[in-house]
Every structure is written in structure tokens, then in C-alpha cells.
Amino acid sequence: MHISEGVLTAPVLIGGAVLTAVGTTVGLKKLDYDRIMTVSLLSATFFVASLIHVPVGPGSVHLLLGGLLGLLLGWGAFPAIVVALLLQAIFFQYGGIVVLGVNSLNIAGPAVLCGLSLSPLLKGSKKQRMTAGFLAGFCSMFLSALLMAGAIFLSDQGFLHAAVILLASHLPIMLIEGLITMFVVGFLARVQPEILSQDTRK
Amino acid sequence: MIEEPFARGTTFFHRRDARVKLIPALAITLILALSSSFLVTGTGCILTGVLLTLSRPDPGLLLRRICSVNIFTLFLWFTLPLTYGGTKTLPFFFLDLSLDGIRVATLITLKTNGILFCFLALLATSTVASLGHGLEKLGMPRKLTFLLLFSYRQLFVIHQEYLRLQRAARLRGFIPANSLHTYRTYSHLFGMTLVKSWNRAERVHQAMVLRGFNGTLIPLNQPELRREDYLFLATILLISFLLAAIPFFC
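Quick note, the sequences are listed as chains A and B, same order. With our numbering, letter number 40 in the first sequence gets 40, and the count goes up by one each step, no holes. If you count the second sequence from 1, you need to add 1000 to reach our numbering.
Only chain A is shown next, with the shape it has when bound in the complex (with noise of 0.2 Å):
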């Protein structure tokens, strides 16, 4: 899910680091001190889903659940997920410090896009719940594969047929990540119902 550094050009690096930091900013100043625990707390609960493997097909894939951090964090996701991220590439070198701004927006972005339009039906019926959780896991990954072919296909038009490849890829991918987030909204909702109602998202 990370586009290594070196293979965008200089366009498209600007326009990400750009617009994650309008999104950061915008994250930050919505969270005030009274939140920022939780953020933390969470920001490194995103990063240890990403260590947890789960089976699909003949191999595994790890979790990414950008889609339950913008159900929960709302706005706060984006500096959550770029937190996370930039640890990643600290303790992995995945990704980089360049390219951190597009690898960012492309998971930040629809985590807080599927997160905030998504989150009014976790009031509602159980169905609704399901609902919304399943859809907030697929779409937003749907949406970051998208942003990511997109991203290389824009660097540069001989990438077409691998960025195709990428976004098929990540189809099953789509597909687990909904019904697990799907799974742990439901398990929420029984186990700690105000994690989903409080009213932190804004």
C-alpha cells in the first residue's frame, strides 16, 4: 500500500505533500488537548493493524483500516494516519519522508472522506451499522488503491497497464477490509457502544 520513494515525479510530490498538509493542519485544528490521547492511542492502534496478517487465499495480507479510523476519528484520522506513517517508514523504511505526503493523502484522504459521510448511520439500526461499516472498509479502500494507481499513472503514462495490475490487486483487499471493519463496528457497538456515539468527530 506503499508507493516506495523514487517513483513519483515532481508534480505529483508536491500536489500530495501540499494537500496533506492543508489536510493535517486542518486535522490538528480541530483536535484540541482534551483529544489528543485518544488520537495518539488510536494513531498507534492504525499502526499495529498494519502488523496483523489475515489470511486470503494462498497467502496474507496485512490490515490497513484507514475506513474505521475516519468512522472514529473523523478529521482527526488525517494527522493520525500521517503519524502512523511516518513511524512505519522510521522503523521499516517503507515509504519515505518525500514521498510521505502522497502515501498519506491517498489513505488519509478516503478514511476521512468514507469517515465523516459514513458516520451518521453508526446512530442508527444495527443493519445500518453493518452498513456503514462494511461500505467505510471497502470504499475507502477502494478510494487509496484508486489515488494510488492514479498517482503513479499521473508520474508518469508508461504506468498504465502496472497501476491497472496494482488497483486488481487490491480488490480481495477491498473485500476484507470491509467485512473486518464491518466486524469490529459491530463488536463495538456491543462491547464499548461509546466509542461509536461519543461525539469526537467534527
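Think of the hints as simulated: they come from the structure by calculation, not from any bench. Virtual Cβ for every residue (Gly too), placed ideally from N, Cα, C. Treat each hint with caution, since some may be false.
[Unchecked claim] The following residues of chain A were derived to be distant from chain B, with all beta-carbon distances above 10 Å:
hint : residue
1    : Lys123
2    : Ser125
3    : Thr131
4    : Leu147
5    : His170
[As the list claims (entries may be wrong)] List of simulated lysine-lysine pairs, DSSO-like, C-alpha gap at most 30 Å:
hint : chain 1 : residue 1 : chain 2 : residue 2
6    : B       : Lys1143   : B       : Lys1196
7    : B       : Lys1088   : A       : Lys30
8    : A       : Lys123    : A       : Lys30
9    : A       : Lys126    : B       : Lys1196
10   : B       : Lys1137   : A       : Lys29
11   : B       : Lys1137   : A       : Lys30
12   : A       : Lys29     : A       : Lys123
13   : A       : Lys29     : B       : Lys1143
14   : A       : Lys127    : B       : Lys1196
15   : A       : Lys123    : B       : Lys1196
16   : A       : Lys29     : B       : Lys1196
17   : B       : Lys1088   : A       : Lys29
Place chain B on chain A using the hints.
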């Protein structure tokens, strides 16, 4: 387990202040990322390789890191020569490989690895805590520094929590497979981790407010920049400047 194996060490690189490593790391990364010349990226790769050797990383660990980062480059090597197009082709058994595709894949491989070496030599030799404080001194917003340092602090705790839950599941005979049951189990494991970290956040926040927390984190050691630090900064910046100037001389 999550670790910072490259940050342990006593070489010249490890002893430098995070600030004087962050600035040149960004400069070199920018130059390599934006260049499309083989000369610049090739020289950059060699130079950063030398820096990396000087920082004396553990060879086995280094090799594993390089391999894991190059998975994406490998993907490009498998797709680009076949799909990139262009007029010039190179016959290879029954396939026609695109020369342009091979050229782009080589360029990207050089860039990716050059930047990786630079990152490992300059940034991975500092701990996240000192990088965080360094970034704040260089102008990163305070709230973002806070997020970074606290996520880092709690990362290990949350990972342990998750591993504990996973161990408990395994003890009860859970074997992952391609089934809805597996996905539901993983979701519940993760959901429980989320609940625990949510409640932990509450407790930590209360404890900190009780101790008069007002939004500033004070680092335990606040190193002063020394002459060696400035010298180091100047040298690496000069090298990166020369690297950026190569196309103008050739």
C-alpha cells in the same frame, strides 16, 4: 517485535544531533527523488552507500531491510519491461522487452535504494524520540510532535496487548484459515485491542492532567549543537549540493 535496531551504536553518525541529520537527509532525498539522470542517481546511490557503511549497520539486518523495501521495485521489474511500450525493444526468448521500460525500472531502483541508504545512515541512527524533538525544533507543529511521540510511546504497549489476545486465541485452538470465522475472530481481537487502547488513553490523559500537563513535552536530554554537528551538516550539505550540480557540468 517492533524495534529500532539501527539506532543502537556509537559511531560518529549515532552521536550527531537529530537536527543536523534531518536537514541533509531531506536534501539528499529530494535531489534523488526529483532527478531523472542516471549519473546523479548512480553517484547518489554510491555516496549514500558510503555513508551507510560508515554508520556500521548490522549486515544481516541491513540485507533483510533492503530486500523488503525492494519488493515494490521487483514488481516494477516484472511489469514495466513487458508493458511500458516504446519503439525500441530487446528480444528475450519469446518476449519483446521494452528498452524504455528497463531504463525506467533501473532509474527507480537506483533512486529507491539511494534514498533508503540515506535514510538508514542518517535517520535510522537516531531514536524516534530524538527525531521527534528534532522535528519540533525545526518547526513541526507542537500537536503533531505530541501525536508522534505519544503514538511511539504507546505503540509497544498496544502491540503487546494485541499479541496477548492473539496468544489467548491460539491457546483456545484458533487456526487462521480462509473463512468468515477467521475474519470475525481477527476483527474481535482487533476490536478488543481498540477498546483497551481507548480506555488506556482516558487513563493516561487523566493522569497527565493531574500532574499539570499543559501541552508541552520536555525532553530529558536537550543536547546543544556542537562544532562537530555544524561540520557534519556543512559537509553533507556540500556533498548534496555537488550532487545536484552534476547535470550542469556534464
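For each hint, the structure was consulted:
Look at A/Lys123: its CB is around 18 Å from the nearest CB on chain B, clear of 10 Å, so calling it non-interface holds up. Under the 10 Å C-beta cut-off, the non-interface status given to A/Ser125 relative to chain B holds; the minimum distance is some 20 Å. Here A/Thr131 stays apart from chain B, with its beta-carbon at least about 16 Å from theirs, past the 10 Å limit. Here A/Leu147 stays apart from chain B, with its beta-carbon at least about 16 Å from theirs, past the 10 Å limit.
Interface exclusion of A/His170 from chain B stands, the closest Cβ pair being 13 Å apart, more than 10 Å. Among the hinted pairs, B/Lys1143 with B/Lys1196 is consistent with the structure: their alpha-carbon atoms are about 23 Å apart, no more than 30 Å. Pair hint B/Lys1088 plus A/Lys30 does not hold up; C-alpha atoms about 54 Å apart against a cutoff of 30 Å. The straight-line distance between the Cα atoms of A/Lys123 and A/Lys30 is roughly 22 Å, inside the 30 Å bound, and the hint therefore holds.
The suggested pairing of A/Lys126 with B/Lys1196 holds, with an alpha-carbon distance near 23 Å, which does not exceed 30 Å. For the hint pairing B/Lys1137 with A/Lys29, the CA-to-CA distance comes to about 20 Å; that is within 30 Å, so the pair holds. Between B/Lys1137 and A/Lys30, the direct Cα distance comes to roughly 23 Å. Compliance with the 30 Å bound is thereby established for this hinted pair. At most 30 Å may separate the alpha-carbon atoms for a hinted pair to count; A/Lys29 and A/Lys123 meet this at roughly 26 Å.
Simply put, A/Lys29 and B/Lys1143 have alpha-carbon atoms about 9 Å apart, close enough for the 30 Å limit, and the pair holds. The hinted pair formed by A/Lys127 and B/Lys1196 meets the criterion: a straight-line CA distance of about 25 Å does not exceed 30 Å. Between A/Lys123 and B/Lys1196, the direct Cα distance comes to roughly 22 Å. Compliance with the 30 Å bound is thereby established for this hinted pair. A C-alpha spacing of about 26 Å is found between A/Lys29 and B/Lys1196, which places the hinted pair at or below 30 Å, so the restraint holds.
Between B/Lys1088 and A/Lys29, the direct Cα distance comes to roughly 53 Å. Violation of the 30 Å bound is thereby established for this hinted pair.
Hint check: violations occur at hints 7, 17; the rest are consistent with the structure.
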